Amino acid sequence: MRSREYDLEFRARSTRIRDAGTGLLILAGLLWGWCAILLTTEYSIETRTGFERECSARLFTDGGTANEGVQAGDYCANERDWPEALAVLGLSVPVALVGTALFTTGSVSLRLSGHAQAMRELDRLAEKYKRESQQSEE
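So the numbering used here is basically just the index in the sequence shown, starting at one, shifted up by 65.
FYI, nobody ran anything at the bench for these hints, they're computed from the structure.
Remember, predicted model here, so these are calculated numbers, not experimental data.
Beta carbons are placed, not taken as given, at the ideal position from N, Cα and C, and that holds for glycine.
It is possible that part of the hints are untrue.
Unchecked claim - Straight-line C-alpha distance at most 20 Å; calculated SDA-like pairs for lysine to any residue:
1) LYS193 with LEU177
2) LYS195 with ARG185
3) LYS193 with ALA183
To be verified - Label-pair restraints from in silico Cβ distances:
4) ALA181 with LEU156: 34 to 44 Å
5) THR80 with MET184: 12 to 22 Å
6) GLU74 with LEU187: 17 to 27 Å
7) VAL173 with ALA101: 24 to 34 Å
8) ILE102 with THR169: 25 to 35 Å
9) ARG185 with THR80: 15 to 25 Å
10) GLN182 with GLY155: 26 to 36 Å
11) GLY98 with ALA77: 24 to 34 Å
12) ARG176 with GLU117: 47 to 57 Å
13) ILE91 with ALA152: 16 to 26 Å
14) ILE102 with LEU190: 35 to 45 Å
15) ALA152 with ARG69: 40 to 50 Å
16) PHE75 with TYR194: 26 to 36 Å
Please build the complete structure, drawing on both the sequences and the hints.
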């Protein structure tokens, strides 16, 4: 029965690996969402005089406040700069790759364990059928 205990431990370990991969994929999705929010939402800043100024979204502007803010005398361009959004996106890539690798490894391991269990069951049934047919011949 040691092989059964080993198989159960193997399945538990595979489930933990798959769940860790799922968690990393969720984290990568949250980072992608954060990057999307940084690029697509409008924002406001406080000017030197203490007033609030609305700034257009980084992604949907051609010549608006987000791109030409410093030239116009405000600092919308410096408040949400491209490097911050790209850093978030760059951080999400290795997280997604590791998450995908862990999720795939865990899922394949679980499937292989299930397949091995099915093959053992089929072998057991075939052996039982063989013994019964030999006994009926005698």
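Hint check:
The hinted pair formed by LYS193 and LEU177 fails the criterion: a straight-line CA distance of about 24 Å is larger than 20 Å. Under the criterion of a C-alpha separation no larger than 20 Å, the hint pairing LYS195 with ARG185 is consistent with the structure, at around 15 Å. With a CA separation close to 15 Å, the supplied pair LYS193 and ALA183 stays within the 20 Å bound. The beta-carbon spacing between ALA181 and LEU156, approximately 38 Å, falls within the hinted interval of 34 to 44 Å.
Checking the proposed 12 to 22 Å range against THR80 and MET184 shows it holds: the Cβ atoms sit about 21 Å from each other. For the pair GLU74 and LEU187, the supplied restraint of 17 to 27 Å holds, since their beta-carbon distance comes to about 23 Å. Take VAL173 and ALA101: their Cβ atoms lie about 31 Å apart, and the range 24 to 34 Å holds. Judged by the Cβ atoms, the range 25 to 35 Å given for ILE102 and THR169 holds: they are separated by roughly 29 Å.
Taken as a hint, the range 15 to 25 Å holds for the pair ARG185 and THR80, whose Cβ atoms sit roughly 20 Å apart. Evaluation of the 26 to 36 Å hint for GLN182 and GLY155 yields a failure: the beta carbon distance comes to about 42 Å. Remark: the range hint 24 to 34 Å for GLY98 to ALA77 is upheld by a beta-carbon distance near 32 Å. Against the hinted window of 47 to 57 Å, the Cβ-Cβ separation of ARG176 and GLU117 comes to about 56 Å, which satisfies the hint.
The given range of 16 to 26 Å is respected by ILE91 and ALA152, whose C-beta atoms sit roughly 20 Å from each other. Look at ILE102 against LEU190: about 57 Å separates their beta carbons, and that is not inside 35 to 45 Å. Between ALA152 and ARG69 the Cβ separation comes to about 49 Å, which falls inside the hinted range of 40 to 50 Å. In this structure, PHE75 and TYR194 meet the distance hint of 26 to 36 Å, their C-beta atoms being roughly 28 Å apart.
Going down the numbered hints, you'll see the structure goes against 1, 10 and 14, while the others check out.
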